[in-house]
Structure formats: structure tokens, C-alpha cells
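Student: Chain by chain, the residues:
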Amino acid sequence: MSLFAKYFPNAVTMKSDFLQATWETIYMTLITAVVAGIIGMAIGIGLIVTQPGGILENKVVYNILDKIVNLFRSIPFVILLAVIAPVTRIIVGTAIGTTAAIVPLVIGSAPFYARQIQNALAEVDHGVIEAAEAVGSGPIAIIFRVYLREGLADIIRSSVLTLISLIDLTAMAGAIGGGGLGNLAINVGYSRFESDVTFLAMLIILVLVFAIQLCGDLLARKVDHSA
Amino acid sequence: MTKEPIIELKNIDVTFHNKGQTVPAVKDVSLTVDRGDIYGVVGYSGAGKSTLVRVINRLQRPTAGTVTVNGQDILALRSGELRAARKKIGMIFQHFNLMNARTIADNVDYPLKGAGLSRQERREKVAKLLDLVGLSEKAKDYPAQLSGGQKQRVAIARALANDPEILISDEATSALDPKTTTQILELLKRLNRELGLTVVLITHEMEAVKEICNKVAVMENGEIIERGDLVTIFSEPKQPLTRDFINTATQIDQALDKIYKQKLGLDDHHRLVQLKYVGASTDAPLITELFKRYQVVSNILYGNVEILQDTPLGNLVVVMAGEPDQLEQAWQYCRDAGIEITFLTPKDPEVA
Chain A
1 MSLFAKYFPN AVTMKSDFLQ ATWETIYMTL ITAVVAGIIG MAIGIGLIVT QPGGILENKV
61 VYNILDKIVN LFRSIPFVIL LAVIAPVTRI IVGTAIGTTA AIVPLVIGSA PFYARQIQNA
121 LAEVDHGVIE AAEAVGSGPI AIIFRVYLRE GLADIIRSSV LTLISLIDLT AMAGAIGGGG
181 LGNLAINVGY SRFESDVTFL AMLIILVLVF AIQLCGDLLA RKVDHSA
Chain B
1001 MTKEPIIELK NIDVTFHNKG QTVPAVKDVS LTVDRGDIYG VVGYSGAGKS TLVRVINRLQ
1061 RPTAGTVTVN GQDILALRSG ELRAARKKIG MIFQHFNLMN ARTIADNVDY PLKGAGLSRQ
1121 ERREKVAKLL DLVGLSEKAK DYPAQLSGGQ KQRVAIARAL ANDPEILISD EATSALDPKT
1181 TTQILELLKR LNRELGLTVV LITHEMEAVK EICNKVAVME NGEIIERGDL VTIFSEPKQP
1241 LTRDFINTAT QIDQALDKIY KQKLGLDDHH RLVQLKYVGA STDAPLITEL FKRYQVVSNI
1301 LYGNVEILQD TPLGNLVVVM AGEPDQLEQA WQYCRDAGIE ITFLTPKDPE VA
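Residue numbers (my numbering), protein chains in the order written: chain A, 1 to 227; chain B, 1001 to 1352.
Treat the hints with care, as some may be off.
Stated by the list, open to error - Here are the simulated distance ranges between beta carbons:
no., chain 1, residue 1, chain 2, residue 2, range
1, B, R1190, A, G138, 30 to 38 Å
2, A, K222, B, D1131, 25 to 33 Å
3, B, K1128, A, N119, 44 to 52 Å
4, B, G1148, A, V61, 36 to 44 Å
Rather than coming from a laboratory, the hints here were simulated on the basis of the structure. Small disclaimer: the values here were computed from a predicted structure and weren't measured. Beta carbons: idealized from backbone N, C-alpha and C, even for Gly.
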């Protein structure tokens, strides 16, 4: 512990701040993951079934979804944070704090996840979809019993990617008032020239990212029977 | 076999629109398949045969025409009714289209969900189906662990899950090696015999048709150019494309190519002829008979007998040697016996 104290002189006195910040990062990530996950999944499925040649082909719906996704993916997140603040205030009551950060995080990551899901499901062999149609499956059965089942390994891989980029976004949101490790690294470590605090915050984020990557890889391998 | 039509396609048109261009894939095709038939639809890729059969279960909606399956107007069905109708029309594909994330048993079980069976009944049904296609011991494996032929067997079991009366085979043997192809075809034949399954077999290989079909339609450029029962098509093909397919199947073209490369020493006394016969006539007595009666010696260069639907269909390429007038009489004798004679002239005169 003394060695730790030597290299992290400031951080060592901030144990509760770090615990608090780590929890806030995990909290923002988890809540956003659930909300953006559901929205992104729904839009992703919507894109795949309404796309040209899809099982519920619909040009209008597809184009609307496609344009929305493109629009929100084009806005840099830092700017989105500021632009979306009034909306956040309406929904959460405030634009500051961890819970408030979830609104822009969801809006920032759901379109990204939707695109990932669309790509993952596009990998499902069209012939398999046709085989399911040929045995009398309807659209709902095809979505849940074919697309999501056959695409599961890719969905897990895309989810890992999205989660990791989400942690990245929480750090950014944190830096401008959302709390969490990003806030600690920038507003404490960087602003006060306590670089060990910044460094430790980064290390914790790295650990989180690696843990997610590892779990995701294991899970994806477990459900992947394609080879 | 009863002559009751189970599939009736009338004046089917399928036109695709692609970037302002209209591509007619199927043009005014009518096709009737009787219950218990194994109906082969032959054609090169792009002939429209896949598109045509996809109309049967409305995976492809025709631009014009009527589709009647089992007395039901398929084009008039609403989506729920169509799904119910599709359960009674099994389909297998060139690339098997199994679900990689499911075990073999789960793949076969897939169509059974929603069929109103209990878990136990479904398990028994899956076991029965896997037994039928000879894959019981692979139930817990995944498709990636199986060979092509085994995958196609699983696909057949899946297609039969809801006890269909019709099985559509869309190039189902085209990705398989010849031995596996034969096994799959034999399985289809057995299912036809034992379950009374009506099979529509699309293929570009006349060999496959020859093995199991009782009727054939030949497609070219979206149209059926020739159709009929197997023996008639094989013995009296009318269209050049049909002849092409048959010659590939009987390998007579390759044989003639090789024969033409040999020094045959043909002259007035030695003539190269092809003898074709259908049914009872057999080659051995004929050759002896020709010698006994006319002292004509027949040297067999190539022989092929196809047994189609229990009818032998023979093809002999022989050099007949004898006095010119005796040869004439020998040929007349052959014609009287119902044997078709074609005089062959090697393409390269130097070799002859």
C-alpha cells in the first residue's frame, strides 16, 4: 500500500471519491445500456425487416429509420450533450448530474447500437429466413426464433463494442457535469494538476473495458456454433 | 397411381422490375403435377425454374396466373392461411439453409412449434423424423459438424415435420458429390413410395431426373419448351436443349468424341451406326441375329442401357461390317424390330 501511496499521492486520499465515481460510471453505463439497448435493438430490427428484400419490406419506414439513425450518429457527442440539455431538463428535471447524463447517452448510443444490430442481423443467411418462411413462420417468429437466435453471437459482439464505446461516452458526459470517472479524471486530476488521479481513473476504465471484452468474447464463443 | 392433380399452375408470369428494367423470369407457364408424381423441372441456371416453383408456396408472387395446390387457391390466401398452407408444402434447398445456432434436433423441431403438440409429442416426432432420414445419432450435433449429405437429410426431416403432401426440391443435390446425390435421390424416392409424397424436383442435372422422376419438364428462357413422361422424353426428345441434357446424362456425346478420334477404317463395307431402342428389344440377340441372317458383323464401340421407370432404353454405337446389300437388309431388319438407326459420320475425314 505504501508503494501505491508513493506513486498515487493524491489518489490514495480519495478512496471514497474513486468508489463513488466508479459506481457512477457503472450506473450510467448500465442504465443507458438497458434503455439504449432496447431502443437500438428495436430500431435495428426495424431496419432489417423493412429494408429492401426484408420480410416486412417497407420503403417509407426504412427510409425514416435510416435517416434518423444517420442524423443522430452524425452529431458529435460533446455537442449533442449541450444541444440536448433542454430536453434533458424536461425529462429528468435537471441537466446536471449522473441521471441527467443518461438522456444524451441514450440518444448518443442507441443509433450506434441500431446500426450494429442491423449489421449483425444482416449476417443471418437469407436462405435460412426463406426456409423459415417456407415452413410457415410469420414475421414475429422469424424475428425472435431466427434472426435473434441465429444472429446471437454477432449481437453479443456488437453489444460489447457498443458497451465499450458507451463507457467512452460516459467519460465525456462526466467531464461536463455528469459525474463518474471522466469527471474525476478531468475536473479533479487534470484541472488540479494531480495527474495520478487522472491516471488511476484511466486504469479503472481500462479494467472495466477489458472485463466487458473478456466476458463478451467468452459468451459469444459459447453461443457460436457456426464453425 | 391416381391421376388427381395436386399442383396446378396456370399461365404463370413472373416479371422482375430492376432499376427501370423489366426482366421476365417466367413467361406464361402452365404446369400440372399429379398426386404421387416425382416431377422433374430441368434447365440451365437462369431458366426460371427456381422462380417457377417458388410460386407454388408463394415465396414468389406471380405477376399473373393462378396457383392451385390441393384445391386451394394459393394466391387468394391471407397471410395466416398462407402460413398454414405452407406447412403442407415442404421445401429443401441447394445450400440446406439449416440454422447454425440450433442442434440437429432443434432444427427439425423448429417447424413443429405452434403445431399444437406437447413437448413430449414433439420430441417423439423429431426422433421419428431423424430416424426416417437415418440421422438419429446426430440429434445433439450442430449443422457445422455434419457433411453436406447429412445436412440435406436434416433439411429433408425439417421439411417433413408437418407431414406435407408435397416436397419441393430446389437444386437440393447440386452442391453434393455424385455418391451423396444418389443417396439423397434414393431417399426422396423412398419417401415418395412410402409416404405418397409428391415431389417437384428442380435441377440442372438430367442424371438426377433420370434416377427418380416419372415426368419431366424442360425449361429455357422462362418457358417450358418440352414436357412429358420420362421414357418418352428420353427416347424421343424433340427440342435441341432436351437432347443436349439427355446426351449429357447418357454420356453419348463424350463417347462419340472418343470414337471419332479412333481409326475406324470406314468404307462401303464398314459403316458406323447408332442403334436406339426402347423397351423389350435387347442388344445381344440382335447382334447374333444380324450375323446369322445377313453375315453382318457388329463391333460394339459403345453401349448404354438406361432403365427408366422399369423400361430399358438402349443406345449402341457399332461398326457394322458386311456386303453393302446385306448391310441394307440388316438395317431394314433393325427398323422392323423397332430400332432407330442413325448413320454417323466422323467429323474429321482424315481420321476416318
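Student: Give me the numbers of the hints this structure contradicts, sorted from smallest to largest.
Tutor: 3
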